[in-house]
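Heads up: the sequence lines are chains A and B, in that order.
Residues 1 to 125 (this note's numbering) make up the first sequence, in order.
Residues 126 to 279 (this note's numbering) make up the second sequence, in order.
Among these hints, one or two may not hold up.
Stated by the list, open to error - Listed next, the in silico EDC-like pairs over lysine to aspartate or glutamate satisfying Cα-Cα at most 20 Å (straight line):
#1 B:K272 / A:E72
#2 B:K251 / A:E72
#3 B:K217 / A:E103
#4 B:K270 / A:E72
#5 B:K197 / B:E219
Everything labelled a hint here was simulated from the structure, so no lab data went into it.
The residues making up each chain are set out below.
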Amino acid sequence: MNNVSQENQKTGQQSTEQTAYVAPYVEIEATDSGYVLYAEMPGVNREGIEITVEEGNLIVAGHRQPLAVSGEPLHRETRQLDFRRVYELDPSIDANKISARIEQGILTVNLPKAENLNPRRIALD
Amino acid sequence: MNIIRYQNQSRSDLAQAFDRFAALRDEMDRVFDNSYSPVFRTPGSFSRWAPALDVYQDKDQFTVVAELPGLKKEDIELSLQNGVLTISGERKQEKKSEEGYRNERFFGRFQRSVTLPTSVDSSKVKATYEDGILKVVLPKAEEAKPKKIEVSVG
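Model the full assembly from the supplied sequences, consistent with the hints where possible.
If you want it as structure tokens, here you go:
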């Protein structure tokens with residue numbers, strides 16, 4: 001089966017550049033202070049990662065490094081497609097404090113909740 | 126739900142229905158196309174998951190590439206016996222909070238074997254592990270390399 005072009009799902013219109021992506025396998029962990037997202041992106045290094053927050057969505061994308069191999073394929077199972085996945089962000093997450101790292105093809109994104117949940121008294125001028 | 130997979134709510138019901146269809150197709154892709162799928166395990170393997178694997182050949186060597194994101198070097202085992210390369214190991218799940226939210230990742234032991242078409246020089250096999258990709262280069266044995274034979278037609 002063909003790959004679903006997620007670009008079209010996102011914009012709802014035909015993009016001139018038909019880019020196919022695969023959705024990485026993801027694990028999301030909920031903690032008291034927020035969420036941690038782990039995405040499997042083999043073949044992606046630090047430079048290939050693109051994380052954007054746009055209109056309340058978190059977009060994680062990973063651009064693969066080309067495989068450095070010589071010769072002809074005898075057998076092939078890997079798909080050399082870039083990774084991309086879009087999540088709706090919980091409004092309690094502080095978008096300015098999102099941090100990420102990648103190690104051996106696992107992207108870890110920390111999504112901390114905002115700390116302004118304590119009640120505050122506002123004084124009049 | 127706090128973090129959900131993207132859905133465009135401003136679009137028409139019909140468009141949304143198609144999106145759902147696309148999501149289903151995505152899922153079908155997983156089952157039929159993706160070798161990570163537990164449905165299509167490697168025959169003879171008892172592991173829950175089998176990493177995707179490529180084999181390349183040029184005149185001097187074979188290169189076996191396996192996608193193994195998130196392992197430690199020391200958790201990958203390689204063996205070469207009777208022309209069969211076996212990659213095995215374990216992906217360990219770190220103990221985390223009990224409130225797991227959603228998990229699509231596989232953990233545990235895996236094993237895959239490749240029968241190489243010609244004999245290789247086992248003393249010159251080299252492996253690297255970078256960005257979650259294991260690459261094993263296996264130089265062909267001298268007798269297995271293609272040789273040009275001059276034939277004189279008399």
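Numbers of unmet hints, in rising order = none
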